[in-house]
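Chemist: Take a look at the letters that make up each chain.
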Amino acid sequence: MSILGTRVLRTEDPRFLTTGGVYTEDVTDEQLAGACHVFFVRSPVAHARISGIDKTAALGAPGVLAVYTADDVIELPLIDPLAAGLTNAKMTRTMLASDKARFVGEPVAVVVTEDPYQGEDAIELVDVDYEVLPAVVDLDDALGDGELLFEDAGTNVVATFGDSASLKQDLFDGCEAVVTHTFMNQRLAPAPMESRAAAAAWGEDGRLTCWVPNQGAQGVRDDMVKYLKLDEGQVRVITPDVGGAFGAKFGADPEHVLVAWVAKQLGRPARWTETRFENLVAMTHGRAQRHTITIGGSKDGDVRAYRLEVIQDSGAYARIGAILPTLTILMASGPYDIPNAEAIATAVATSTTPIGAYRGAGRPEATAALERAFDLFAAEIGMDPAEVRRRNLLKKFTEPHQTSFGALYDSGDYEAALDKALEAAGYAELRAEQARRRANGDVTQLGIGVACYVEITGGGDESGPPSENATVEVHPDGTATILTGTSPHGQGHSTAWAMIASEELGIPIENFTVKWGDTDLIPEGGGTGGSRSLQQGGAAVQQASKELIDVARERAAAALEANASDLRFDPSRSAFAVAGDPEASVPLADLAKDERLFVHSIFAAPGATFPFGTHIAVADVDTETGKAVLSRVITVDDAGIVLNPLLAEGQRHGGIAQGAAQALLEEVVYDAEGNPLTASFADYPFVSATELPSFELASMETPTTYNPLGAKGIGEAGSIGATPAVQNAIVDAVAHLGVRHVEMPATAMRIWRALQAAKSAHSEPESTTTGSA
Amino acid sequence: MQVELTVNGVLRSDEVEPRLLLVHYLREVCGLRAANIGCDTTSCGACTVLLDGESVKSCTVLAAQAAGQDVVTAEGLAGDGELHPVQQAFRNEHGLQCGFCTPGMVMAAVGLLRENPNPTEDEVREGLEGNLCRCTGYHNIIRAVLAAANGAAEPATAQAEVTA
Numbered sequence: 001m002s003i004l005g006t007r008v009l010r011t012e013d014p015r016f017l018t019t020g021g022v023y024t025e026d027v028t029d030e031q032l033a034g035a036c037h038v039f040f041v042r043s044p045v046a047h048a049r050i051s052g053i054d055k056t057a058a059l060g061a062p063g064v065l066a067v068y069t070a071d072d073v074i075e076l077p078l079i080d081p082l083a084a085g086l087t088n089a090k091m092t093r094t095m096l097a098s099d100k101a102r103f104v105g106e107p108v109a110v111v112v113t114e115d116p117y118q119g120e121d122a123i124e125l126v127d128v129d130y131e132v133l134p135a136v137v138d139l140d141d142a143l144g145d146g147e148l149l150f151e152d153a154g155t156n157v158v159a160t161f162g163d164s165a166s167l168k169q170d171l172f173d174g175c176e177a178v179v180t181h182t183f184m185n186q187r188l189a190p191a192p193m194e195s196r197a198a199a200a201a202w203g204e205d206g207r208l209t210c211w212v213p214n215q216g217a218q219g220v221r222d223d224m225v226k227y228l229k230l231d232e233g234q235v236r237v238i239t240p241d242v243g244g245a246f247g248a249k250f251g252a253d254p255e256h257v258l259v260a261w262v263a264k265q266l267g268r269p270a271r272w273t274e275t276r277f278e279n280l281v282a283m284t285h286g287r288a289q290r291h292t293i294t295i296g297g298s299k300d301g302d303v304r305a306y307r308l309e310v311i312q313d314s315g316a317y318a319r320i321g322a323i324l325p326t327l328t329i330l331m332a333s334g335p336y337d338i339p340n341a342e343a344i345a346t347a348v349a350t351s352t353t354p355i356g357a358y359r360g361a362g363r364p365e366a367t368a369a370l371e372r373a374f375d376l377f378a379a380e381i382g383m384d385p386a387e388v389r390r391r392n393l394l395k396k397f398t399e400p401h402q403t404s405f406g407a408l409y410d411s412g413d414y415e416a417a418l419d420k421a422l423e424a425a426g427y428a429e430l431r432a433e434q435a436r437r438r439a440n441g442d443v444t445q446l447g448i449g450v451a452c453y454v455e456i457t458g459g460g461d462e463s464g465p466p467s468e469n470a471t472v473e474v475h476p477d478g479t480a481t482i483l484t485g486t487s488p489h490g491q492g493h494s495t496a497w498a499m500i501a502s503e504e505l506g507i508p509i510e511n512f513t514v515k516w517g518d519t520d521l522i523p524e525g526g527g528t529g530g531s532r533s534l535q536q537g538g539a540a541v542q543q544a545s546k547e548l549i550d551v552a553r554e555r556a557a558a559a560l561e562a563n564a565s566d567l568r569f570d571p572s573r574s575a576f577a578v579a580g581d582p583e584a585s586v587p588l589a590d591l592a593k594d595e596r597l598f599v600h601s602i603f604a605a606p607g608a609t610f611p612f613g614t615h616i617a618v619a620d621v622d623t624e625t626g627k628a629v630l631s632r633v634i635t636v637d638d639a640g641i642v643l644n645p646l647l648a649e650g651q652r653h654g655g656i657a658q659g660a661a662q663a664l665l666e667e668v669v670y671d672a673e674g675n676p677l678t679a680s681f682a683d684y685p686f687v688s689a690t691e692l693p694s695f696e697l698a699s700m701e702t703p704t705t706y707n708p709l710g711a712k713g714i715g716e717a718g719s720i721g722a723t724p725a726v727q728n729a730i731v732d733a734v735a736h737l738g739v740r741h742v743e744m745p746a747t748a749m750r751i752w753r754a755l756q757a758a759k760s761a762h763s764e765p766e767s768t769t770t771g772s773a
Numbered sequence: 001m002q003v004e005l006t007v008n009g010v011l012r013s014d015e016v017e018p019r020l021l022l023v024h025y026l027r028e029v030c031g032l033r034a035a036n037i038g039c040d041t042t043s044c045g046a047c048t049v050l051l052d053g054e055s056v057k058s059c060t061v062l063a064a065q066a067a068g069q070d071v072v073t074a075e076g077l078a079g080d081g082e083l084h085p086v087q088q089a090f091r092n093e094h095g096l097q098c099g100f101c102t103p104g105m106v107m108a109a110v111g112l113l114r115e116n117p118n119p120t121e122d123e124v125r126e127g128l129e130g131n132l133c134r135c136t137g138y139h140n141i142i143r144a145v146l147a148a149a150n151g152a153a154e155p156a157t158a159q160a161e162v163t164a
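Those protein sequences? They're chains A and B, same order as listed.
Anchor point for the first sequence: position 109 equals 109 in the working numbering, and the numbering is continuous, going up by one each time.
Anchor point for the second sequence: position 43 equals 43 in the working numbering, and the numbering is continuous, going up by one each time.
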């Protein structure tokens, strides 16, 4: 019986459950003996000219080894905005804020101490003179260029993707109903439970070894090479266990580079672990898009035209967030067949924490905008939201489908996913219950939210088609080792990759060791992100395993003095046997005795894959207090063939929770002066167990032909579908009272205000909706 | 100052700074690094341990305050190489992913089940409100605690699948 597709428990769990994982802060390597501790002095103001820094008091404090400012690190290269050519090249950053500080939390100085408690005390003693400048927080203020973050750039605009002059004036001509609306896809904190950290040591050979929690050691190495001006061979990056990442741990941040630099300066190893306060202000945030949607169609539910205009808040410095709108635009029309659709975006700098990737990275935003638009359109024409969706979904396809935004959807059956979700939810019964409560005028009203989605996973980049490498080696003792270019941080690759190789090699999964995240051992690799790992990294493991059997077959032929073509490999015995003579056999492991038996292989996919599904959320909303309680989430997430349902469900659960959290409660908030108001877990409303229900998952598996596993990515689907489903459910609960929209997060206050506004004016509280016939 | 306390069944006596937090004591002095530090505000629970049988956040207790008491961490919950029934249930139900919250979550669950051996789902959710997890959406953690309460230590086959 095949192990593929079965619920295999994770082999990595026992140590996590007992001794705990070995995260960067836990690493006890002899190279790190006697390490000093690095602390960062961070800007307490959002936008300021730095006119002077006095280190004297800090240098005199107990245990202080050194204090460094921008002047000391001037040899380090400038950090260019990400995506050269797309972004404004003049918006460069120094490793430590030099002339200006541009967000609360930006590193301004480094303090190095003998022990950590001394560092906590000493950072308070670095005296920085800030000449405070007006903060740039509001997106319209930023776009108005009244106050510039980068004077040399002459604008706050970081990048534009299409412009308003290109929009078609006649896009909505002929539509019987048109709705337009502006809303926020608010800023969120990725907030992995393990914050950022680093440890660095330089060997006598001049080589740097760095331990950094990350999503791909090779990318961290490349950054270290670039910013420390080293050769690739001079840097070894090791990835310890990683306590969650969610898109925010790709590459090296300035802090990581500086820890390595400090270790070089002082000639001794250095370590850094950030506090949660630092994490919430200085690790990249996610989302932060403002959407203006316009949707039009016929009164019987055919959507004819859709326009999405995006303003991306990219924060103070252009990280990947500045170009995430490209993914939002790519996926703007989602699973629908909309004859006329267009999308444009502008990314703008603000004096806030830079925006990076967060679970979904550009695609949840596209889905949230579109699914809100569909509900607004459904409300406008008075049609059931599920029915409007059904009428406009692309029909099932097995050959790739090209969208007007240039996406090539590999396979899809969107209507089946909708039907399955509606059935699993008991949609008709829910609507009946809703009607009953509405008729009774119950205080607690029921809302049902539907969201259909398609998303993109495992995409390539300008360097070529998506690919990943793996090495599989069988040892003489019957064990095996897998080296992978992916980089798990909770996904369970040790189990999953062993399952794939076990299927081919007949070696029990307990006998596998899976290694990743050591650039000396695995120089190449794309890491884990964009839901790419199984479809490329897993496929590479399978390919290498099959190729290993081919190599072994030749050795077996020699050993058995038979023709290679007469040999059969029997995975149940992990042995080759001569066809028709099972007694003449040789175990696979024996073929590694005289010469190492391993294969390194690169799997390249023809393109990205496009998982899809439907989420349905059910919410109870108290119409007197505005409090919303999420009571059910039912999802169909079709990510192709499932390797291990246990792991796939875990990915879905986590994504659903993060998606629901965005709709219900999470938001990074700044005041008008750019002060973060959510800089601790006491203030940032990180979703807890009490705010979520158990989730109801229905299965659907439509294979892709883009890899032999038939798998698409599952890591981000949950957050993509759940956010609009939950938001739509909340609005739906109070729709009969005149509410058309509630901003995210839909707090009790916002819902209550929407109800009051609808009661008094039959108009929208936070933005305008216009309908035309 | 000198503190004497029992950690995972071993009586210890150590010289500590009066302001040393219990979690730092466990991690740096005892070398027990299962308990993690996930926040600065006693919000996340990654550092949860048992103090005289009750779950506490060890970032909110000074080492000095634990003097004379009995501390149990995830390392000491079961014998060598064994999993405590709650740990086994977490594995069976896939109640952990990145593992960072896990030792604290397990200790909080053990404390919860000592106080309430047969909790409802809502009681488990309430009981674990002070322990944050970013990976699992809590779904499988709740299932694990309920399974442990029911004495289910075998690999589970039940699933949340809706066979629609």
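No lab work stands behind these hints, which were simulated from the structure alone.
Please read all numbers here as calculations on a predicted model, not as lab measurements.
Backbone N, C-alpha and C define an ideal beta-carbon position, used for all residues, glycine too.
Treat the hints with care, as some may be off.
What the hints assert, rightly or not - Chain A is faced by these chain B residues, among others (derived, beta-carbon under 7 Å):
{"hint": "1", "residue": "Cys30"}
{"hint": "2", "residue": "Val72"}
{"hint": "3", "residue": "Pro103"}
As the list claims (entries may be wrong) - Once the Cα atoms are required to be at most 20 Å apart in a straight line, the calculated EDC-like pairs of lysine to aspartate or glutamate come out as:
{"hint": "4", "chain 1": "A", "residue 1": "Lys55", "chain 2": "A", "residue 2": "Glu124"}
{"hint": "5", "chain 1": "A", "residue 1": "Lys100", "chain 2": "A", "residue 2": "Glu131"}
{"hint": "6", "chain 1": "A", "residue 1": "Lys90", "chain 2": "A", "residue 2": "Asp115"}
{"hint": "7", "chain 1": "A", "residue 1": "Lys627", "chain 2": "B", "residue 2": "Glu126"}
{"hint": "8", "chain 1": "A", "residue 1": "Lys627", "chain 2": "B", "residue 2": "Glu129"}
{"hint": "9", "chain 1": "A", "residue 1": "Lys226", "chain 2": "A", "residue 2": "Asp518"}
{"hint": "10", "chain 1": "A", "residue 1": "Lys100", "chain 2": "A", "residue 2": "Glu120"}
{"hint": "11", "chain 1": "A", "residue 1": "Lys593", "chain 2": "A", "residue 2": "Asp518"}
{"hint": "12", "chain 1": "A", "residue 1": "Lys627", "chain 2": "B", "residue 2": "Asp122"}
Chemist: Work down the list of hints and note, for each, if the structure agrees.
Modeler: To see whether the hints hold, each was checked on the structure:
Contact between Cys30 of chain B and chain A, as hinted, is not supported at the beta carbon level, the nearest pair being about 13 Å apart and thus beyond 7 Å. Checking Val72 of chain B against chain A: minimum C-beta separation of about 12 Å lies over 7 Å; hint violated. Restraint check, Pro103 of chain B versus chain A: the minimum CB separation of about 5 Å is within 7 Å; hint holds. A hinted pair counts as satisfied when its Cα atoms are at most 20 Å apart, and Lys55 of chain A with Glu124 of chain A qualifies at roughly 11 Å.
Distance hint between Lys100 of chain A and Glu131 of chain A is fulfilled; the C-alpha atoms sit about 9 Å from each other, no more than 20 Å. Distance check on the hinted pair: Lys90 of chain A and Asp115 of chain A sit about 39 Å apart at the alpha-carbon level, beyond 20 Å; violated. Taking the CA atoms of Lys627 of chain A and Glu126 of chain B, the gap is about 18 Å. The hint holds against a cut of 20 Å. Taking the CA atoms of Lys627 of chain A and Glu129 of chain B, the gap is near 19 Å; set against the 20 Å cutoff, the hint holds.
Using a Cα cut-off of 20 Å, the hinted pair Lys226 of chain A and Asp518 of chain A holds, with the two alpha carbons roughly 18 Å apart. Of the supplied pair hints, the one linking Lys100 of chain A and Glu120 of chain A is violated, its CA atoms being roughly 24 Å apart against a limit of 20 Å. A C-alpha spacing of about 26 Å is found between Lys593 of chain A and Asp518 of chain A, which places the hinted pair above 20 Å, so the restraint is violated. At most 20 Å may separate the alpha-carbon atoms for a hinted pair to count; Lys627 of chain A and Asp122 of chain B meet this at roughly 18 Å.
The structure fails hints 1, 2, 6, 10 and 11 (numbered hints given earlier, in ascending order).
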